[in-house]
Amino acid sequence: MTVLIDLPREAPVVGPGVTLRSLSEEVSNRVLLPNTPRWWWIGFALGMALLLTFVVQLIWLFINGVGIWGINIPVAWGFAIAEYVWWIALASGGTIVSALFFLTRSPWRSATNRIAETMLLSAAPCAGLLPIMHLGRQGLFYWLFPYSSVMGVWPQVRSPLWWDFVCLLCYILMSIMYYYTGLLPDLATVRDLARTRWKQVFYGVLALGWHGSARHWRNQQTVYAVMSAIMAPMVISVHSVVGLDFAGGITPGWHSTQFPPYFFFGAVISGTALIMMLTILVRWGYGLEDVLTGYHLNALAKVMLVGSVMLGYAYVWEAWGPIYGSDVAERTQFFYRIFGFYAACYWGKIVLNIVIPQLLWLPIVRRSEVLLFSISAGIIVGMWLERFVIVIPSLSHGYMPSYWGVFFPTFWDWAALAGTIGLFLSLFFLLLKLVPIVSMSEVREIVAKERSR
Amino acid sequence: MNTALVLSALLFLVLLLSVWVVPVMGYNTQQRYQPEQPVPFSHKHHVAGLGLDCRYCHTSVETSSFAGIPPTETCMTCHSQIWTHAAVLEPVRQSFATGVPLRWTEVYRLPDYVYFNHSIHIAKGIGCTECHGPIGDMALTWKWPTLYMSWCLSCHRDPAPHLRPLNQVFNPFWKRTPDTPSGKLLMAAYHIHPETLSDCGVCHR
Amino acid sequence: MSIAHRDYWRSLEELAESPGFAQLVEREAPRFRDMLGPLDRRNFLRLMAAAMALGGLSDCGPEAEPRQLLPYVEQPPGIVPGQARYYATATTRSGFATGVLIEHRMARPVKVEGNPDHPASLGAASAIMQASILELYDPRRAQTILGQGQIDSWEHLITALFDRREQLLARGGAGLRLLTGAVTSPSLRAQIALLQQQFPAMRWHQWEPLGRGNERIASERMLGRPLDRRFDLDNADIIFAIESDLISNVPGWLAYARQFAAHRRPDETGGKMSRIYAIESTPTLIGAKADHRLALGPADLAAAMRYLAAITGAGPQDWQQTPVADAAWLRAAADDLNQHKGRVLVHAGREQPVEIHLLADAINNALGAFGQTIRLIEPVAPSGSTDQSLEALVGDMTAGRVDTLVMLETNPVYDAPADLDFTAALNRVPLSVSLALYADETAMASTWLVPATQEYEAWGDARAFDGTITIQQPQVRRLYNGHSPHELLAVLHGNTLPIDYQLVRDFWQNETHQRGIGDFDRFWHEALRIGIVENSAAPTVTATPNASALTSLQAAEKPVPGVQLLFREDPLVGGGRDVNNPWLLETPRPFTRLTWDNAALIAPATAKRLGLGIGDVLEIADHGRKVRAPVFVLPGQAADCITLPLGFGHTAGGLGADIGFDAYRLRTSAAPWITRGATLSRTGETYRLATVQGHDRVAGRDLVREGTLTEYQDNPDFLRRPETDQSLYPEYKYPRYAWAMAIDLNSCIGCQSCVVACQAENNIPTVGKDMVLQERIMHWLRIDRYYHGPVDNPAVAFEPVPCMHCEQAPCEVVCPVHATVHDHDGLNLMVYNRCIGTRFCSNNCPYKVRRFNYFGFAERDDRPPESWNPEVTVRNRGVMEKCTYCIQRIRHAEIEADKQDRLVPDGAIQTACQQSCPTQAIIFGNRNDRDSGVARRKASLLDYTLLDELNTRPRTSYAALIRNPNPKIGDREA
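Residue numbers (the numbering used here), protein chains in the order written: chain A, 1 to 453; chain B, 1 to 205; chain C, 1 to 974.
Honestly, the hints are just simulated from the structure, not real lab data.
It should be emphasised that the depicted structure is a prediction, and the values quoted were computed from it without experimental measurement.
Be aware that a few hints might be false.
[Stated by the list, open to error] Pairs of lysine-lysine residues, derived as BS3-like cross-links and limited to a Cα-Cα distance of at most 27 angstroms, are as follows:
#1 C:Lys733 <-> C:Lys272
#2 B:Lys184 <-> C:Lys733
#3 C:Lys899 <-> B:Lys184
[Unchecked claim] Not close to chain A: a few residues of chain B, all C-beta gaps over 12 angstroms, as computed:
#4 Val22
#5 Lys44
#6 His79
#7 Glu106
#8 Tyr115
#9 Tyr148
#10 Cys152
#11 Leu153
#12 Arg157
#13 Asp179
Every residue gets a Cβ at the ideal spot worked out from N, C-alpha and C, and that includes glycine.
Work the whole structure out from these sequences, hints included.
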């Protein structure tokens with residue numbers, strides 16, 4: 001790992017040594033070669049270990065119910081919801097990078113979009129599971145589906161939770177299809193380069209008989225473009241609706257119209273941060289310095305910086321509303337946030353999400369992998385704190401002073417957190433092993449462009 | 001690609017079936033459920049045959065939420081005189097002699113969170129057969145409706161077609177004739193406010 | 001025992017420790033051996049719990065194994081399956097009866113209501129009365145006779161007693177002693193008298209740990225003989241309360257509280273209000289309602305009373321010379337009293353020393369209260385408990401002069417004064433028989449333990465505070481083969497086959513014969529039907545108060561420095577009698593809001609001086625006896641006074657064993673209520689106290705509207721806020737019914753009756769201390785207690801908070817599955833079986849009245865299935881619940897009305913809380929009906945709703961709190 005990446009003023013998106021063939025082999029070899037690097041095994045083992053705790057906590061949860069967590073009345077939502085928002089934000093970040101920047105035709109996106117989408121695919125299940133886990137009667141979650149054959153009643157469409165359920169469902173399904181569509185040509189490449197029989201069959205089936213005819217390309221490109229065009233607004237809507245889960249309530253600290261954009265900003269910064277970490281990991285692990293160049297990291301860093309500034313703006317309004325407004329409950333609630341029992345979390349999020357990322361103004365910082373990695377890690381933690389601060393302190397200091405209370409996480413709250421992280425890691429490392437982690441087809445275009453100049 | 005289309009179509013079909021068909025299959029609805037009873041009591045014989053009124057045995061049906069299962073003594077009012085040695089009636093005589101109640105098996109079972117009240121249905125012109133089906137012709141009592149909430153609601157949302165003149169409520173063989181007053185009319189006469197009947201709190205407390 | 005009781009509030013930790021997956025499933029999943037029980041609501045829920053435990057789907061699919069229907073063989077007359085029946089009887093505390101009606105469902109008692117025809121109830125039912133139904137079913141009651149600690153039989157006991165009886169007869173009963181609490185039961189007294197005849201040398205001792213001895217002695221000195229008092233608050237324009245329990249504990253307090261409140265509702269009395277002065281060392285309910293209150297230590301209190309006596313002309317004038325704090329306050333109060341001669345009442349609590357009672361009576365006498373606000377009657381429990389009586393007994397026991405001791409439902413080993421050392425004395429008695437409801441300390445220390453019948457299991461009779469007699473009839477066949485006191489005494493009479501029914505009935509046959517009442521059967525059935533023996537109230541007697549009684553007083557004692565211990569009865573567990581009742585343990589205390597514990601109550605100033613905080617464990621030592629007690633800092637407590645609530649810290653018995661600390665261990669016969677010179681030492685430990693209120697003040701919210709009577713008279717709508725009701729949407733119409741509730745803050749005295757009534761009616765489970773600490777208490781109705789003003793002596797407001805049933809309910813819009821919805825009567829329904837437990841409704845409820853079953857609380861609750869109310873769903877794990885305005889009662893009334901094609905008349909529906917409320921603070925009814933009680937209350941200019949700026953349009957509204965301060969006294973809020 002180099003200390004400082006050289007960042008030429010007018011940047012080639014890919015390193016000089018990259019040819020079409022070298023690219024294909026370099027990337028697809030990671031998938032095909034039998035000898036798996038040790039760091040992969042370590043990462044995967046870690047993921048599986050945490051996944052095990054997830055399974056244990058699930059069993060315990062189904063036996064005993066949500067009472068095993070620290071939630072109570074007034075704080076009826078705890079880690080499960082905070083982390084749900086956290087994960088969905090991370091996932092959306094992936095879509096933003098891959099879909100939004102596809103539409104803007106930003107060249108740097110091509111090499112990173114696969115990482116982004118893989119991350120999205122690994123984060124989405126975590127986001128999907130938590131809301132179901134947190135139900136009092138998990139077995140009955142399917143009552144959210146609009147059917148009435150037995151009871152003659154329908155879900156209530158006025159409830160933000162229901163919008164949320166619908167959005168999340170569509171979002172996850174779309175993401176899978178989007179991922180797969182973009183993956184098709186690369187699966188074909190892997191199939192063609194594959195030597196052993198079972199790999200040929202495995203990737204052959206997945207490739208759906210792709211042989212790169214002009215027609216195939218045309219269809220794939222159109223579908224992909226259309227999907228991006230759908231995904232880009234969808235990710236915004238999904239996150240806005242998650243925001244409405246809170247804005248839809250009259251709880252002091254939630255009842256604010258700024259939540260939809262607020263949550264979207266959060267998605268941008270936290271998603272990019274996680275992509276940054278994973279890119280650096282892949283880059284270093286797979287030795288793809290030529291494909292994932294400093295140019296990419298630099299671009300990601302700038303997005304992160306923008307996200308951080310936007311978020312700062314949201315934080316200002318979060319403070320301004322209660323202070324300027326007339327609602328005594330809102331005000332006490334806000335002062336409780338910044339000075340009360342959970343104050344540390346509030347200031348933690350300010351420092352990690354706003355203050356520290358300002359370092360990214362300095363080019364030198366944007367060129368140091370170590371700094372980028374740690375700043376990103378800080379942001380991930382900071383975003384978790386933000387979700388915590390939104391959900392828990394708001395509930396613990398509501399309208400009724402007689403029913404103010406606090407929430408202490410129990411062992412099982414932490415187990416749920418660790419567990420979802422485990423689920424994410426396991427999935428990510430699995431996909432890392434199974435699919436080309438850089439979109440060869442797209443990078444090929446770029447390489448071609450480079451050559452033609 | 002076409003195969004993919006076919007596959008997804010099949011998947012969709014399966015989903016549809018599992019939601020709209022499986023729940024209403026007899027296995028799930030338990031319609032025609034006809035358990036063994038200690039005494040093979042026949043409504044057909046007592047009602048269609050002898051023309052006993054429902055209220056002779058189900059005494060509290062007009063006053064209480066619970067229609068009432070007749071005490072052994074009610075059986076014995078007649079069966080101390082007739083069929084005094086019939087083998088099938090042995091459990092009844094046993095019960096009467098020993099004071100140990102008969103153990104009937106429940107045919108219509110509602111979940112405990114459903115509070116059904118017989119008396120109000122009777123008072124508002126809902127005949128026994130609306131829910132109990134051709135009870136007058138049942139040799140052994142069996143479960144007629146699905147007892148699904150959607151079935152309850154079908155009437156609670158639109159009671160008019162199910163109403164009948166009060167003097168016909170206990171007639172198990174009643175048929176709507178041209179000169180029976182229309183459901184709308186009866187609904188007005190009974191002061192039924194259908195919009196309130198589907199409030200959850202009507203049945204769930 | 002203790003295992004069972006731990007089981008009650010099993011903690012997460014214990015859960016985690018529990019070995020083996022199998023046991024877990026066994027606990028959470030249905031117990032299949034129970035599944036065959038007929039008519040059992042819980043089993044279905046257990047089944048659902050199991051389905052859930054396996055993550056299964058539970059709404060459709062084939063039937064579980066069939067249930068069975070068991071008709072009667074011969075139907076008892078009058079019993080209609082599915083309809084409730086009510087039977088009258090009475091429940092007693094310290095011997096005094098309060099009439100109750102017990103609701104039966106399918107011949108099972110499920111709920112206790114007050115008996116409207118009974119003078120001590122008037123339809124109201126205290127928390128303790130409500131909870132008594134749980135005592136009846138309590139599986140932890142003593143169930144088997146123990147002889148020398150071995151399981152034994154009734155027959156053996158009888159033979160044992162008969163052998164002893166022969167010897168006793170020989171020596172005329174010498175060595176035979178009978179120990180009881182206060183006895184008002186005519187039949188029991190007759191039996192004791194008969195026993196006295198058979199054994200002339202027998203002695204009958206009475207012991208009431210929380211007796212009213214001082215009051216009795218005072219009236220002996222003041223009136224010449226012990227007389228009971230009845231108070232007529234209708235005539236009392238001014239009540240001067242000296243740490244008074246007038247509306248919290250005196251026999252008949254339910255009736256007094258109603259009278260009290262009737263004169264505190266200015267919008268109903270036409271702008272008139274009584275005025276309350278209170279001086280007290282520790283907060284009382286009447287102190288909380290007082291218009292002026294002083295927190296004084298015992299010494300200051302005595303000084304103040306002498307000063308007051310002097311300036312009201314009741315005592316020697318030279319007492320005015322001795323300077324007292326708050327002289328101006330007292331002067332103003334005295335003037336006020338003097339201006340209302342004949343319409344005042346000075347009442348001192350039973351804990352006050354004889355001196356204070358004498359002073360109070362002297363002032364009453366001087367101001368002509370006797371005959372006006374105080375009526376005298378012959379004692380209802382003659383030769384009522386005297387501490388000397390117990391001392392004499394212990395003396396004889398230690399001296400070996402007692403060889404047979406029979407104890408009827410009394411627990412001296414636990415509650416006798418510590419200096420007497422009753423236990424040691426008891427060990428010297430060869431034959432001691434203890435008739436006890438629980439295997440309590442005394443029962444375990446006696447040679448024979450005889451399980452007693454709970455009051456609802458046996459025949460008996462008792463008298464109320466005014467002498468009215470109730471014949472108690474059993475409500476159910478004896479659950480745990482107990483025996484009634486009548487039966488045990490009958491055995492001593494020589495009766496080998498005593499039957500309580502015979503004994504009580506024969507007594508009354510003979511009694512009516514002597515009273516010359518002809519038709520006994522008519523009398524008997526009528527008495528049982530209405531729950532009282534007609535015109536059995538004691539006639540008022542006259543006694544001339546001895547004006548010179550005060551001359552006997554010694555000079556006032558100088559206030560001594562240092563802290564003093566005040567021994568006071570815990571408001572809910574009745575000095576230990578009711579400590580085994582989970583409902584009472586989990587009901588928050590009115591001021592401390594404390595559950596499942598007692599604590600040493602200390603004034604904020606004192607706590608600061610001693611450097612103590614809530615939860616610090618204090619070691620209190622007095623005459624070598626030590627007690628470790630957690631501290632609770634209580635605003636309004638007098639400085640340097642530590643209140644120790646009595647009744648906790650049992651070492652044996654039922655659920656109550658090992659809960660809290662035992663203050664009796666510091667209590668001596670010399671100083672039963674107040675002791676000085678105790679030494680305090682910090683242990684450095686801390687103890688988690690489970691309180692339920694998050695914050696003591698309204699924090700700027702408009703939750704408690706309060707004003708003064710003069711403001712109200714000047715401008716009746718002075719508390720109105722501009723109408724904030726704006727909505728873009730068309731209003732809902734409620735053509736038929738609009739159910740609504742009005743709660744009067746002036747009437748609410750914070751007695752918690754409604755809380756327990758709601759728990760009893762609506763199958764609300766107890767959750768245990770650990771869950772209360774986790775803020776998961778399930779009460780649907782809570783009484784918030786707000787302070788304002790100085791922390792040493794704050795003004796207190798009690799505010800009952802049920803569901804507001806908002807017309808624009810925030811909870812409804814956020815539920816994704818329609819589990820909480822509005823109905824056409826405007827009720828905010830909670831459909832348990834549709835709820836999937838997102839809990840968004842609770843987050844979105846501004847009033848925080850929703851409760852969530854974080855665990856299967858109801859499934860864990862170990863009360864027997866038949867004790868639940870079958871009219872209300874027992875909620876299972878993972879569903880939200882909340883106040884329903886007692887929808888089961890509403891539906892019942894609506895159905896009955898619909899059957900007759902008419903509207904539900906006003907008053908036909910009483911919610912459980914309304915029914916139990918002694919002061920009628922809660923009124924429920926149809927708002928559309930202009931002359932309904934609730935509509936009239938809501939028409940009042942004092943009516944307001946909570947957080948109306950949110951525009952939720954609550955159906956529950958409040959009448960603002962009006963106080964009637966004396967203009968001559970600076971308003972303490974100012």
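Verification of the supplied hints:
Straight-line distance between C-alpha atoms of Lys733 (chain C) and Lys272 (chain C) comes to about 37 angstroms, which puts the hinted pair past the 27 angstroms bound. Between Lys184 (chain B) and Lys733 (chain C) the alpha-carbon distance is near 23 angstroms, which keeps this suggested pair within the 27 angstroms criterion. Taking the CA atoms of Lys899 (chain C) and Lys184 (chain B), the gap is near 19 angstroms; set against the 27 angstroms cutoff, the hint holds. Remark: the non-interface label on Val22 (chain B) conflicts with the geometry, its nearest Cβ contact in chain A lying 9 angstroms away (cut-off 12 angstroms).
No beta-carbon of chain A comes within 12 angstroms of the beta-carbon of Lys44 (chain B); the shortest separation is about 31 angstroms. For His79 (chain B), the condition that its CB be more than 12 angstroms from all CB atoms of chain A holds, with the nearest at approximately 42 angstroms. Non-interface call for Glu106 (chain B) relative to chain A: holds, since the shortest CB-CB distance, roughly 21 angstroms, exceeds 12 angstroms. Residue placement check: Tyr115 (chain B) keeps its beta carbon more than 12 angstroms from all beta carbons of chain A (closest about 17 angstroms).
With a cut of 12 angstroms on Cβ distances, Tyr148 (chain B) falls inside the contact zone with chain A, its closest approach being about 5 angstroms. Listed as outside the interface, Cys152 (chain B) is inconsistent with that label: its C-beta sits roughly 8 angstroms from the nearest C-beta of chain A, within the 12 angstroms cut-off. A cut-off of 12 angstroms between C-beta atoms contradicts the statement that Leu153 (chain B) is not in contact with chain A; the least separation is 4 angstroms. Not every beta carbon of chain A lies more than 12 angstroms from that of Arg157 (chain B), the smallest distance being close to 8 angstroms; the non-interface claim is violated.
Non-interface call for Asp179 (chain B) relative to chain A: holds, since the shortest CB-CB distance, roughly 33 angstroms, exceeds 12 angstroms.
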